[in-house]
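Listed in order, the protein sequences are those of chains A and B.
Residue 78 in the working numbering sits at position 78 of the first sequence, with consecutive numbering throughout.
Adding 1000 to a residue's 1-based position in the second sequence gives its number in the working numbering.
Chain B is faced by these chain A residues, among others (derived, beta-carbon under 10 Å): (1) R7; (2) H11; (3) M22; (4) G75; (5) S116; (6) P119; (7) D160.
In silico SDA-like cross-links for lysine to any residue, where the CA-CA straight-line distance does not exceed 25 Å: (8) K128(A) to G1238(B); (9) K1194(B) to D3(A); (10) K128(A) to P1311(B); (11) K1278(B) to E1526(B); (12) K128(A) to G1309(B); (13) K128(A) to E38(A); (14) K1424(B) to F1347(B); (15) K128(A) to D156(A); (16) K1194(B) to S4(A); (17) K1194(B) to F1334(B); (18) K1194(B) to R7(A); (19) K1194(B) to R5(A).
By construction, these hints were calculated from the structure, which means they are not laboratory data.
Just so it is clear, CB atoms sit at the ideal spot from N, CA and C, and this is done for glycine as well.
Here is how the chains run, residue by residue.
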Amino acid sequence: MTDSRDRQRRHTALLLLVAVGMFGFAFALVPLYNVFCELTGINGKTSGQAAVSVQTSPIMEREVTIQFLAHVGRGMPWEFRPMESRLRVRLGEVNETRFYVRNHANQAVTGQAVPSVAPGLAARYLHKIECFCFTQQTLEAGEEMEMLVKFYMGVDLPADINTLSLSYALFPVTVAQTTGLEIDRDSSDVTSAAHEEHSGS
Amino acid sequence: MIAHAENIPRGRHPLVQFIARWVLTTNHKEIGTLYLCLSFTLFMIAGAMAMLFRLELAQPGLQFVTANFYNQTVTLHGLIMVFGAVMPAFVGLANWMIPMMIGAPDMALPRLNNFSFWILPFAFFMLLSTLFMEGGAPNFGWTLYAPLSTTYGPPSTDFLIFGIHLMGISSVLGAINIIVTIFNLRAPGMTLMKMPLFVWTWLITAFLLIMVMPVLAGAVTMMLTDRHFGTSFFSAAGGGDPLLFQHVFWFFGHPEVYILILPGFGIASQIIPTFSRKKLFGYRSMVYATISIAVLSFIVWGHHMFATGMPLVTELFFMYATMLIAIPTGVKVFNWVATMWRGSLTFETPMLFALGFVVMFTIGGLSGLMLAIVPADFQYHDTFFVVAHLHYVLYPGAIFATMGAVYYWLPKWTGNMYNERLGKIHFWIAVVGLNVTFFPMHFVGLAGMPRRIVDYSLPFSDLNLVSSIGAGFLGLSQLLFLYIVVQTIRGGEKATDQVWEGAEGLEWTIPSPAPHHTFETPPHVE
Chain A
1 MTDSRDRQRR HTALLLLVAV GMFGFAFALV PLYNVFCELT GINGKTSGQA
51 AVSVQTSPIM EREVTIQFLA HVGRGMPWEF RPMESRLRVR LGEVNETRFY
101 VRNHANQAVT GQAVPSVAPG LAARYLHKIE CFCFTQQTLE AGEEMEMLVK
151 FYMGVDLPAD INTLSLSYAL FPVTVAQTTG LEIDRDSSDV TSAAHEEHSG
201 S
Chain B
1001 MIAHAENIPR GRHPLVQFIA RWVLTTNHKE IGTLYLCLSF TLFMIAGAMA
1051 MLFRLELAQP GLQFVTANFY NQTVTLHGLI MVFGAVMPAF VGLANWMIPM
1101 MIGAPDMALP RLNNFSFWIL PFAFFMLLST LFMEGGAPNF GWTLYAPLST
1151 TYGPPSTDFL IFGIHLMGIS SVLGAINIIV TIFNLRAPGM TLMKMPLFVW
1201 TWLITAFLLI MVMPVLAGAV TMMLTDRHFG TSFFSAAGGG DPLLFQHVFW
1251 FFGHPEVYIL ILPGFGIASQ IIPTFSRKKL FGYRSMVYAT ISIAVLSFIV
1301 WGHHMFATGM PLVTELFFMY ATMLIAIPTG VKVFNWVATM WRGSLTFETP
1351 MLFALGFVVM FTIGGLSGLM LAIVPADFQY HDTFFVVAHL HYVLYPGAIF
1401 ATMGAVYYWL PKWTGNMYNE RLGKIHFWIA VVGLNVTFFP MHFVGLAGMP
1451 RRIVDYSLPF SDLNLVSSIG AGFLGLSQLL FLYIVVQTIR GGEKATDQVW
1501 EGAEGLEWTI PSPAPHHTFE TPPHVE
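With the hints as constraints, model all of the structure from the sequences given.
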């Protein structure tokens, strides 16, 4: 009888351990997911580091269309839009485009842009030499700015990708202190929700 | 069902005694009854919500409820049906039947058993209380997708999170209890491969529960910290990814749908041989098929996310893995049909429910295969076609199986036969109601009617009216079920020990009604 009691206790403890382990596994899924996506490049996240301009790489005849999108995250009192909605670029050729921002708040606000590429697999072929998303931006009250992105498309871009989109979501780093700062809050909610839907792999 | 009050305080007021008996009970049969009662209560509550939104959907436009309230009832309907109606019903049946089927005196951990039941009423009290809170109940669907549940969730979402934590703890403890019971308390001679299939399917379900309920707990914990403690698991603003939520949720969610169906497979595998008066065809293949379904369930979650912009190669992987599940499921359907082949069939109510289960679950399985096809899914995704599919697998799957099981074992529990005529009427109203409700949803879904939206465009009106009428019959048929069960508990024709002519197994060797304590000395199985 004591033998079977011990066995039961052992089984119970073991199963409890499995349950606790699986709870931990849920959290382990977060880094696993990020590592997996980084290795395979399937969720449209571009590299956070500047690419060196490769002069040696040839410029190809093949052209693709790249579309630019901008969204403002929740609580960000900035106007933010691409100055060109699309570009036709040749692979390997260095291009640049600008995004317009204006701080509508009555105080300085710092923001950070988070890029996302669709289709996700194209992200690893989009090389950014210079990007405002590499650093945080601070704008004084009412200040406006044109922010630069300098990039080239890798020559080995898969043949089935002819159009890609590069979208930026701009999020506040400093929390706006006063109420009434947020402009047009409802519509910014919508755009940030739309972005979050879009940013996935 | 018979009062044997040994361990409760005497000499108190009868009401105190009554409450103490049920609150403090550690008897597997009484706890099983408690689970079944709670499950039926929640089934009626979630069903009432379904009646409400079917009433709203009977006509296009807004008639009775606001869009927000509609979303709240849809959310709670899903959560309560899954966690409150189906899962506790299966746990209740497991509590009643597993010890009796393997010749054990009780569950291995009776006090834990009591604890895991009594968590549940509080969990659902918390969940339902959100309806009366400022800002309303959670309104983002039972899948709790971020950022709807994090950035945009109403304040009551926190109650939902803790409710889910409690349900999770209850299910995990219940599952541990079932596994420990099956591994340690089988009667001498009852080897694993002699266990009734209901016990087998529950064993596998219990393992699934232990593996995935903690993952759901983890996902809602991340929701909670995202909401209140400044983390950004699911927020792109802080470097997280809202899509991660879907991955974590469906890693839980797909095994969860098998948790909702495997015990139903077990029930059908008990009932069909009894009324065919034959042994179950292909017992071993049934066991292996169940195990392979459980294993496969862990690698198919992506088929819920085809439309999120996954790369083609991932979509193909999930598509083929999903289709693979059709094979073990097909083995099962084949075995049930082969069991009936040349059997001497009779069609008592439990058999009717089991047959309804096999036929309509197969319809749901086929629409599932259609949904697994990536390009087709882009059309079906988030339409009423999905609603039709999931109700065809869950209603005839989980609910019909449970009701068949109740009719099948009710004479053993109460000692009385239920009213066969009323039972059959219940079945036929339910089966007609079910098909009238859910079959038209295939058509409106294919035509493009999106799910989870309170209003719809005019061309869908007629079929929605049909669905709503069917839902009314389906809802009413459950009141008849309640009446039949209460009538049987109060009296009726006495049942024999074996109850059914073709029934085999240890549970049919003990007297009807089953005494408070059974198999205190283990039986010997040859």
